[in-house]
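Novice: With the hints as extra help, turn the sequences into a complete structure.
In mature numbering (1 follows the signal peptide of the UniProt record, and there is no 0), the protein residues as written are -22 to -1, 1 to 114.
In short, the hints are calculated from the structure, not lab data. Glycine is no exception: its CB is placed at the ideal position from the N, C-alpha and C atoms. Hints may be right or wrong, so weigh each one.
Taking CB as the label site, the calculated pair distances span [as the list claims (entries may be wrong)]:
| id | residue 1 | residue 2 | range |
| --- | --- | --- | --- |
| 1 | Lys9 | Asp54 | 30 to 38 angstroms |
| 2 | Met30 | Ser101 | 33 to 41 angstroms |
| 3 | Leu113 | Gly39 | 29 to 37 angstroms |
| 4 | Ala102 | Phe67 | 27 to 35 angstroms |
| 5 | Gly69 | Ser101 | 38 to 46 angstroms |
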Amino acid sequence: MKKTIVSLIAAALAAAALPAAAETVVIVSAKNPASRMFSEQAAQFFLGKSTMFTPIDQAEGSAIRNDFYKKVTDKDAAQVKAIWSKLVFTGKATAEPKEFKSNADVKKAVADDPKAIGYIDKSAVDDTVKVILTLQ
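Specialist: Dropping the structure here:
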């Protein structure tokens, strides 16, 4: 009985660690000439400080979105949303980044627009997009 309980606890801990081990990557269309980018550069697009790329966001409240913003901008998703709201209100931006519900939807939106930039789980990457930054 003890071995079964210990095994179940070990399995639960291993399963809980899997989402944390997933790697997030920043992607652009395969048609985009960009080949690599630093986190600081990516932050510029996702904070509305540059219009060179069109940012594509994951769904509000998703774990990948929260993790992405913490790693790239050192802000939580709510702080980033407030920044975009201010930019739109003051006329410095026309709209917040479009949100998509899944890695597949973000990947398709980025693949279809050579000016788009997004982020997805590394396991969702295929030849329609190009990885320009891997987040640790």
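Novice: Hint by hint, note whether the structure agrees.
Specialist: Hints, verified against the model:
no.	hint	in the structure
1	Lys9 to Asp54: 30 to 38 angstroms	33 angstroms, holds
2	Met30 to Ser101: 33 to 41 angstroms	28 angstroms, violated
3	Leu113 to Gly39: 29 to 37 angstroms	19 angstroms, violated
4	Ala102 to Phe67: 27 to 35 angstroms	34 angstroms, holds
5	Gly69 to Ser101: 38 to 46 angstroms	39 angstroms, holds
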